[in-house]
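Asks: Residue-level listing of the chains:
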Amino acid sequence: MGIRGLAKPILGTIDEPQGMEEQGQVLTSRDDSSLVVDNLGDQAGGQNATVTCFYFDFAARSEQSPVHMMGSILKQLVCGQEEIPEEISRAYQDQKNVIGGRGPQLSSITKMLQTTSCKKRTLICIDALDECLVGHRVRILDSLNQILKQSSGTRVFMTGRSHILPEIRRRLAGRITTISISPKTDDIITYLHARLVEDTTPDAMDGALEADILKKIPEDVSEM
Amino acid sequence: METLTKFHKKPRFYSSLRNSRHRLTPSSTIYNTLSSKEQKMSQSFSNNIGSFNTTNLNFTVTDDRPHILAWLSPLDPKFRHQDIQDRRVENVGEWLLQTAEFRSWYAGREGGESDKAVLFCHGDPGVGKTYIRYH
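Sequence order for the protein chains is A and B.
In terms of this note's numbering, the first sequence has 22 at position 22, counting the first letter as 1, and numbering is strictly consecutive.
For any residue, its number in this note's numbering is found by taking its place in the second sequence, counting from 1, and adding 1000.
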């Protein structure tokens, strides 16, 4: 059984990716996202820029609606500011008087994001866009497109499986550049070393087994 | 020192809230109010680091701020980022940051016709992107 077979019970199947949530993974887009968020965050600190992020999760797909998701990006932007922008507190006050406090609409969140993201360099990182419902994704991409039209300094970093690439191209025509993610052998070996150090049953491990793991797994991966 | 200890206990409290599976439904209001407060508190905390021992912490917030933030969205990805960050192995994936695509996306060409504001990193479905894949 290769790494693919071993991985199945831990990672779940393609159709049920929520299995992945609970276990450590090797080189996922998610790790790249978090790496990028941290790296951008470090750089942004000295640059008067704000980094925002959102992680889509198949298991939470119904809660992660377009308005909540884009609202979360706006919330992160606003958190970085000492004062809540007038436009936002006014919108809040207006909605407070409607049916006992109505939630914001996506169109108004988009408008507020357009204004807020223009004031400061803004980076938006969105992970696992393929784990979001198709109907939600269309509206999110359109909202992002609207924001980018207005706010030329804003950068969007996204990850997801390849099959959503045509859809993203269609929605964000002309604004998109892509990178194909493929883990490197060095990365795999570094990762295996780190996980072996954390082995909770070290008595079951000997030098020969460890050497075998470090040899076979990268080999299996390169055959895939 | 007592204040410091108290302060350090708070994140544990918030993280137990976060771990509740039903965080988005019944306890959402409490959760959001707390997390907004926490953000405000940690801001005040870092702003006042120099004067910390004089217990000069300023916790006064405008009453509406936490409500407005909670109104904008009940979701808070900050904790999730922390989880993922903690699991990440150092130096793995750094190559991505060195690619020409990443660098030019980050630098940007503001307002230019050919400005690519969106960088999409993609991998094949299944084992490929999610686990380990190599060309």
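In short, the hints are calculated from the structure, not lab data.
Just so it is clear, CB atoms sit at the ideal spot from N, CA and C, and this is done for glycine as well.
Careful, some of the hints might be misleading.
Claimed, not checked - Subject to a maximum C-alpha distance of 20 Å in a straight line, what follows is the list of computed PhoX-like cross-link-like pairs (lysine-lysine):
(1) A:K96 with A:K119
(2) B:K1116 with A:K216
(3) A:K111 with A:K96
(4) A:K120 with A:K96
(5) A:K149 with A:K96
(6) A:K96 with B:K1116
Claimed, not checked - Partner residues aside, some chain B positions facing chain A, computed with beta carbon under 8 Å:
(7) P1074
(8) Q1098
(9) F1102
(10) G1108
(11) A1117
(12) V1118
(13) L1119
(14) F1120
Said to hold, decoys possible - Label-pair restraints from in silico Cβ distances:
(15) B:A1100 with A:R90: 41 to 51 Å
(16) B:R1103 with A:D142: 50 to 60 Å
(17) B:T1099 with A:R90: 35 to 45 Å
(18) B:E1101 with A:D212: 46 to 56 Å
Asks: Enumerate the violated hints, using their earlier numbering and listing them in ascending order.
Replies: 1, 2, 4, 5, 6, 8, 16 and 18
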